[in-house]
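Asker: What follows is the residue order along each chain.
Protein chains: 4
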Amino acid sequence: MENQEIAEIPIIDDNEELEELKRLRREFHQHPELGWTEFWTTARIAELLEDMGFDVLVGHELYQGGLAELRWGLPDDETLQGFYTLAQERLGENKYLEKMKDGLTGLVAHIRGGEGGPGIGFRFDIDGLPILESAGHHHQPTQDRFSSPLGTMHACGHDGHVAMGLGLAKRVCDNIDSLTGDFYFMFQPSEESARGGFVFSRHELVKKLDHFVALHLGVVKERKLVCDLRFLSSRKFEVTFRGRSAHAALSPQEGKNALLGACTAVVNLYSIPRHSSGLTRLNVGQFHSANAKNVISELAGFQLDVRGENEEICDYMVESAKRILKGAAEMYALELELCDLGFTISTPASPGLKTSIRDAALKAGVPGAAIVNEHFVIGCEDAPFIMKEVQENRGQAAYICLGSPTRGGHHNPEFDFDEDLLIWGVHVLWELALDLSSR
Amino acid sequence: MENQEIAEIPIIDDNEELEELKRLRREFHQHPELGWTEFWTTARIAELLEDMGFDVLVGHELYQGGLAELRWGLPDDETLQGFYTLAQERLGENKYLEKMKDGLTGLVAHIRGGEGGPGIGFRFDIDGLPILESAGHHHQPTQDRFSSPLGTMHACGHDGHVAMGLGLAKRVCDNIDSLTGDFYFMFQPSEESARGGFVFSRHELVKKLDHFVALHLGVVKERKLVCDLRFLSSRKFEVTFRGRSAHAALSPQEGKNALLGACTAVVNLYSIPRHSSGLTRLNVGQFHSANAKNVISELAGFQLDVRGENEEICDYMVESAKRILKGAAEMYALELELCDLGFTISTPASPGLKTSIRDAALKAGVPGAAIVNEHFVIGCEDAPFIMKEVQENRGQAAYICLGSPTRGGHHNPEFDFDEDLLIWGVHVLWELALDLSSR
Amino acid sequence: MENQEIAEIPIIDDNEELEELKRLRREFHQHPELGWTEFWTTARIAELLEDMGFDVLVGHELYQGGLAELRWGLPDDETLQGFYTLAQERLGENKYLEKMKDGLTGLVAHIRGGEGGPGIGFRFDIDGLPILESAGHHHQPTQDRFSSPLGTMHACGHDGHVAMGLGLAKRVCDNIDSLTGDFYFMFQPSEESARGGFVFSRHELVKKLDHFVALHLGVVKERKLVCDLRFLSSRKFEVTFRGRSAHAALSPQEGKNALLGACTAVVNLYSIPRHSSGLTRLNVGQFHSANAKNVISELAGFQLDVRGENEEICDYMVESAKRILKGAAEMYALELELCDLGFTISTPASPGLKTSIRDAALKAGVPGAAIVNEHFVIGCEDAPFIMKEVQENRGQAAYICLGSPTRGGHHNPEFDFDEDLLIWGVHVLWELALDLSSR
Amino acid sequence: MENQEIAEIPIIDDNEELEELKRLRREFHQHPELGWTEFWTTARIAELLEDMGFDVLVGHELYQGGLAELRWGLPDDETLQGFYTLAQERLGENKYLEKMKDGLTGLVAHIRGGEGGPGIGFRFDIDGLPILESAGHHHQPTQDRFSSPLGTMHACGHDGHVAMGLGLAKRVCDNIDSLTGDFYFMFQPSEESARGGFVFSRHELVKKLDHFVALHLGVVKERKLVCDLRFLSSRKFEVTFRGRSAHAALSPQEGKNALLGACTAVVNLYSIPRHSSGLTRLNVGQFHSANAKNVISELAGFQLDVRGENEEICDYMVESAKRILKGAAEMYALELELCDLGFTISTPASPGLKTSIRDAALKAGVPGAAIVNEHFVIGCEDAPFIMKEVQENRGQAAYICLGSPTRGGHHNPEFDFDEDLLIWGVHVLWELALDLSSR
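Protein sequence lines correspond, in order, to chains A, B, C and D.
Just so you know, we're using our numbering here: the first sequence kicks off at 1 and counts up by one.
Just so you know, we're using our numbering here: the second sequence kicks off at 1 and counts up by one.
Just so you know, we're using our numbering here: the third sequence kicks off at 1 and counts up by one.
Just so you know, we're using our numbering here: the fourth sequence kicks off at 1 and counts up by one.
By construction, these hints were calculated from the structure, which means they are not laboratory data.
Errors might be hidden in some of the hints.
[Claimed, not checked] Only pairs whose alpha carbons sit at most 20 angstroms apart, straight line, appear in this in silico EDC-like list of lysine to aspartate or glutamate:
| # | chain 1 | residue 1 | chain 2 | residue 2 |
| --- | --- | --- | --- | --- |
| 1 | A | LYS236 | A | GLU337 |
| 2 | C | LYS326 | D | GLU319 |
| 3 | D | LYS322 | C | GLU254 |
| 4 | A | LYS293 | D | GLU238 |
| 5 | B | LYS326 | A | GLU319 |
| 6 | A | LYS293 | D | GLU319 |
| 7 | D | LYS322 | D | GLU311 |
| 8 | C | LYS322 | D | GLU335 |
| 9 | A | LYS326 | B | GLU335 |
| 10 | C | LYS95 | C | GLU50 |
| 11 | C | LYS388 | C | GLU312 |
| 12 | A | LYS322 | B | GLU335 |
| 13 | A | LYS293 | D | GLU192 |
| 14 | D | LYS99 | D | ASP76 |
| 15 | B | LYS322 | A | GLU335 |
| 16 | C | LYS363 | C | GLU431 |
| 17 | B | LYS322 | A | GLU254 |
| 18 | D | LYS322 | C | GLU330 |
| 19 | D | LYS326 | C | GLU319 |
| 20 | A | LYS326 | B | GLU319 |
[Unchecked claim] Among chain A residues calculated to face chain D with C-beta under 7 angstroms, some are:
| # | residue |
| --- | --- |
| 21 | LEU250 |
| 22 | SER289 |
| 23 | LYS293 |
| 24 | GLN303 |
| 25 | ASP305 |
Glycine residues also receive a C-beta, built at the ideal position from the N, C-alpha and C atoms.
Given the sequences, and given the hints that come with them, work out the whole structure.
Answerer: This is the structure:
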């Protein structure tokens, strides 16, 4: 019986609005920019939204109140300057561009409906990846001549997110007279390094949001709509052990062997026990000790990546790892330096909003059997920083997944997706906006 | 040319005094008693020395001033009582035996020569080993019917040491009128566990010694006299890690894995680096963790034995080991308990006394080419506790080795030695006593 | 809305049949016997079933065709004899008892309904645990005076399983004329060590089963009926490393350090990576190396317990562990001996039988909201050996859980359960029997 | 009494020949060249020796019979070419230079005395170090303006060795009519990397040597002449583990963790037990694994340096290390690649030649109390390759040390030595040459 139900989101072929979304997606696909260098992307979105009627906050206007200092993992000056110059060449004189100097990319656009309505926020991430796009002729963007020639690539679908954001914005603008409440469109930079979401979560506008929704396409391999996509919490560290060098043959007892301490730490880090409440992960990379082979190592270090199914489990992994690192340092009389390289958190969707999403999806035409209540992925995201902030301010937040098979898989030179998903995204978010606005 | 010199101590065959020494040695060989249970041995020596004219301190008279409490590693009550009862059966009513109850074994005998002479001390160790003596007919003690039937054995030559001590005591007594100074004969218990020497080193009489000499036969495999035999310093520990048990499948994260911490400690203990100034040794034994295989270990422990060519190097090993143990405990959130199981030290001979020993050996008939200035053995001894105390009181101390090949090797069921060494020991020590007394 | 549904199995108070089941349960509760020593338990069940009209296979009649040799982990002779004597004292002359000598415990009872029906098997486990039952007055068995005075205890509910088995058997007998097919009641010994199920799975009668059901009470903490209870697959090993002893100070290079190899193995065993397809567990216990602290260890060993969410994952863990053990042996030139201590497997329920169980539960009065499709527990069971055999013979098999909160938890001295579960078990199994029989 | 003896080599101040030796040493000090790039140094020595009357073998004439291929650890082309160009600039057109292209540096010079005499070889090493010489004004070479401006430095005294070799060669030439036998002067390249000695040891002329002597100044911190300087045997390896990468969070079980294997290897390498027959050393350096922190490492490696007091002990270390490396690879299913980076051996001096050296030193004016029979240094040398070859051909070989305190220590930017040692070296070697020649 179950097999007769339509369990996937149907394919849409012919649709005028979709054609416009595809056009937008393809334009952005050709200009992928790395995190904190989305100069052209931001300027182009700002221009389109301002034309629609939005108030747009860009650059230093957006990063007020110390937000600029919260950014971390900025690219080096050469990279920043390189993408800036490229954007200048494409845009010529541009009022947005100057405001973004030094990597103040991304924007927030605002439009107000009738009085007495809620604050509603949508987040779309806009950054590309340092991947050289496939030139294979079976790769659709190559065939249709919209692939990126820059050595950077939209290989995670953020070009589609931008297009959906603009499509949704258009509908909101066109119908603003019949809507109540404030609509905020956040086009967020630097998601891939999980850094932009943290900065945006500290923006004061977040306090005004009664509802917040982020969305990703792909991820789940079937055409299903997931009302509550969940991620792993994670922490990343740079670990350094400092010892004392000594001639390894003449006076081994004088040395404090940083390499030996680091190796002991690695072996023991991998043996942190499983947690019975959920998934855990740990890995070590970038291990280096440059000492000559006849000299006791005075400096050794590595990067550490730990993850847990939720924050509590992630904390358990971090605490266990820190104890092991301290113990290894103690063993060999080393100094330990632990430097934070970033983190992500995990937040479940607000139950009420989950129900609204299901209803919106049904209205938008998603078959009931293609709606999944929640799904867990072993990956990381930074939208949960904003979600958690909203939830702590008594608002509701959720992360939707517009599932779909993709070519090549995410972060792959041959990544591509079914473009009809774009209109599905706009449909569902629009139905949700209507519902939330009418409360 | 060198080969023509006599490079070994010659063999002595026919000698009346030697016959008496052999008789004594064989008597003691038949009654080996373990450390702190040398009831019969002590009583028998006391009796012989008192008959010669010595004042003898035995039992609680000897262990005054808290010395009894300094003993450690006492055998269990059953063992103590067993050897006591055996001694009672052999001796009948005995004035010495009662004083020794609870393991106050060993004795010090004193005799005084002319006024104005020095305090001279000799130490002979008297304990046997828990080894079942060989019943092989090629084993001389079996052939000549003086082997031990008790499951204990004089397998390290202490029976010979006792005989030499008694032989030397006899000569001193017989010639006391022509000697000046005070002569102390220390018949020390429990050398094998390195515990008797420590207790004796705290006895107040040690402060009265201007010269102190200990002696061992065998050890060096040639018939050479070593003026200064040196040992490794050592420390022994009982190591215990306490964690928390938990069901290993249901809630592994609740456990604190004592076994894992102990294994990590062991692996890292063996990697303490070599010391460029001298020998180091480390070993682990008696490792146990009794947890069921589906329960996280809450208790694991082992014994640790570290050694160094001198005290400084031994301290280096101990410090390194402690750091590793602490680090391993820290790693797995364990409590660490470190319990001292004993230690030995290493002291070089006093240079002046070394020269006197060489001279005495030459006078006693030891060929110059058979005299070795110093020799290092990878073993431990407790006489250095007394030596160091004497040296710190401005006295002189040395440890002589009366080298010789032995059958079977020390601590072996077939251990045996050339009995003519006994007369050589008496000769050399007597010449030394004459020399020191005449100063 | 959902909250208004009755989501738990209701409590039944007053019921004549329940009174009889409680009486039976309490009788068996007072006589818990360990695995392979269930002499009295088996004899008593046999007697009751034979009185009802069953053909009963006991002892050597049951263990034909080499089955007796498949048993492993038999208790020592003293334990076997002890429980046998106890059973003799209670039973006097007994025709069943003699057949069971040497631990051939457990039984299979058979009764035949009308022609042309299926083979239907039920399995009930009958062994107790080596736990001293609580004497606390809040412990119901103590209060009501049916606790066990033997130092053994039914602390996992097998007394209840026996009672339900007998209750079901009675209904089957009473209604045999209206039933078709062959009914087999397996009262299986030694489940706790996961050994009885393996032996029974090799019995030829298993080939005759079209349907097979096992059941456990408790486990899940709410009063829910689980149609498909799943377990971890597991493997247990005795690991021994053999090296070569040597004096740790005199000739360390002569040794092959079994302790060091074993410690290295332990540290690395715990770092086998997680498996992304499901749960894994690993633990080490019973670690011993008896070497003296100044002797290199020549023999060290431990027990190893690995588990996985299914057989494939368990195999992954076993393969990884074996590689680490071999590598550690190679490292220190040791010989490795790996001895199997047992294993359990994991089998999902047959889909059709699952549906039948749901229907039977509904008919028996279990509310729909109290029926759970499947549930996974981090524990091990041996019924899956039989289930797999049945399924491979094209039969259907399932493991039902009659969930309930328990006092103290399983394997605890204060374990106890709601006795009204007994009648629920009989109801559900009886409805299932009716349904299966009518096909 | 002993203190009154002159226990050190006296200081010589005023001596014409010494002035010439100092001039030579200072010339070579200003032009230090790295191993296999000693173009200028070789050409200059060749010129001087040919002027004296020697037959000189240089470049491809020297490296016949496949010797060129035996060289390893050649510098990169840029370095080779750089030093070559520098030599060209200094020397202009030069007949030796061209023969040495591609790093065929060093030379052997030969002169023949009267018939019937022995073959006598001397070896002097000629390479400098990649050390920037101190510009401190207390540094004598800076004060006296002969320090090196090139970023390379004679910081191990090889400039002095060259001067002594030339001084000895002059005496031999000047007196060739009164000497019998064949004199070979080997000016050997690339000693610091222990590679030149191996190549020279395979030269056919080595078979003609009845006596072979190498010499080093400094090393021992007092002005003593050591007749037999001994070194550690050593082996160096490049170790590579190859595994398989996998996403550390998505599919950890797919990876084969090369980093984890390498860390386990390191921890266990350091625990290879001490050897009771002599010194051992082990160290690891240059440890790298470049994997990203969220990817399982597929490649990790390090360099390994093991040493032993003699070849047997060194072999013991190598065997133990290899077993540990193999075991670690086995543990994590890795491929192990072991690449030889070089080795040195250790050879005791021939006893007869030792006696001749003592006699020569006495004749040269070295006080008896300043002559040391043998001395052991924890360092490595490549002359033993030649020594062993000579000894296996029934010749005699020895390594003399002309001990002296040095400023700064060997391989230090402030290294310097007492230049009067130069004349002592010539004296002693000349007396030895006279003695050996007259046999």
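Asker: Below or equal to 20 angstroms on CA atoms is what counts here, so check LYS322 of chain C against GLU335 of chain D.
Answerer: holds (17 angstroms)
Asker: Going straight from one Cα to the other, do LYS326 of chain D and GLU319 of chain C come out at no more than 20 angstroms?
Answerer: holds (18 angstroms)
Asker: Taking 20 angstroms as the top limit, are the C-alpha atoms of LYS322 of chain D and GLU330 of chain C close enough?
Answerer: Given pair LYS322 of chain D, GLU330 of chain C holds - Cα atoms ~10 angstroms apart, limit 20 angstroms.
Asker: Check the hint pairing LYS322 of chain B with GLU335 of chain A against an upper bound of 20 angstroms on the C-alpha distance.
Answerer: holds (17 angstroms)
Asker: Can the hint on ASP305 of chain A be confirmed by a CB-to-CB distance to chain D that is less than 7 angstroms?
Answerer: holds (4 angstroms)
Asker: Regarding the pair LYS95 of chain C and GLU50 of chain C, is the alpha-carbon distance no greater than 20 angstroms?
Answerer: holds (12 angstroms)
Asker: Is LYS322 of chain D close enough to GLU254 of chain C, meaning Cα to Cα at most 20 angstroms?
Answerer: Holds, at roughly 17 angstroms.
Asker: Closer than 7 angstroms between Cβ atoms is the bar; does SER289 of chain A clear it against chain D? Give me holds or violated.
Answerer: Holds, because the Cβ-Cβ distance from SER289 of chain A to chain D comes to roughly 4 angstroms (cut-off 7 angstroms).
Asker: Could you grab the alpha-carbon distance between LYS326 of chain C and GLU319 of chain D and see if it respects the 20 angstroms cut-off?
Answerer: holds (18 angstroms)
Asker: LYS293 of chain A was flagged as interface toward chain D. Is the shortest Cβ-Cβ separation under 7 angstroms?
Answerer: holds (4 angstroms)
Asker: Are the Cα positions of LYS326 of chain B and GLU319 of chain A separated by 20 angstroms at most?
Answerer: holds (18 angstroms)
Asker: Checking one constraint from the list: CA of LYS388 of chain C to CA of GLU312 of chain C, max 20 angstroms. Satisfied?
Answerer: holds (15 angstroms)
Violated hints are absent here; each numbered hint is respected by the structure.
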